[in-house]
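One line per chain: the protein sequences are Y and C, in this order. The numbering of the first sequence is the numbering used here, which starts it at 59 and goes up by one. The numbering of the second sequence is the numbering used here, which starts it at 339 and goes up by one.
A short list of chain C residues far from chain Y (calculated; beta carbon distances all over 10 angstroms):
hint	residue
1	Val351
2	Gly354
3	Lys407
4	His413
5	Val421
6	Ser422
7	Ser454
8	Pro457
Covered by chain C, according to a simulated footprint, are these stretches of chain Y (three or more residues, beta-carbon under 8 angstroms):
hint	segment
9	103 to 114
10	157 to 164
The hints are simulated quantities; they were obtained by calculation from the structure and are not laboratory data. From the three backbone atoms N, C-alpha and C, an ideal C-beta is built for every residue, glycine too.
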Amino acid sequence: KAGVTQTPRYLIKTRGQQVTLSCSPISGHRSVSWYQQTPGQGLQFLFEYFSETQRNKGNFPGRFSGRQFSNSRSEMNVSTLELGDSALYLCASSPWGPLGNEQYFGPGTRLTVT
Amino acid sequence: AQSVAQPEDQVNVAEGNPLTVKCTYSVSGNPYLFWYVQYPNRGLQFLLKYITGDNLVKGSYGFEAEFNKSQTSFHLKKPSALVSDSALYFCAVRDPTTYSGAGSYQLTFGKGTKLSVIP
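Construct the entire structure; sequences and hints are all you get.
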């Protein structure tokens, strides 16, 4: 079974621009979460989607948004980019079911804001 | 709110020696605990988890972890380290009682511990 895929893998943007990152979960997985990884803050939860609905949201400004499509694929968008948004953005998927299920992570998208 | 602490930023161990990567947690209810490993320029790979039952859980690549409720710890262990084990290790917690309804898969991670296995 193919793993979680994320596109693009690398991205360079300029301050003030916006960016859209894409995530395709493992086939059959309906829950998708996004995390931001930085050297200073570590791994921080952004948001979680199930059945095209945002179920949970982390403590990030409104410039960060996401959505999920009917095929469970998800996108996240960051508007008005700031230098501090430079990070590895990780997508994770889980089959919907017991909360003991682990999340499976994609390779991430490395975003650099200049 | 839940939290995870990994007290060591870096752990160095000689190849063939046992290794331990420490993790302590804080949650209001019974925790679900996870260990993940990250290799350079890669995402996180799941190693093992504790949900309930036996306090010693076994996972991938010969790793195991011991859940200790009284010490709120979930240390990762391996009897004999390999050079290929060198990577960044993350402990994570999920509190299943935090959210109403069907709950959330959100994980709260520790800062990570860099493991270096010296040949």
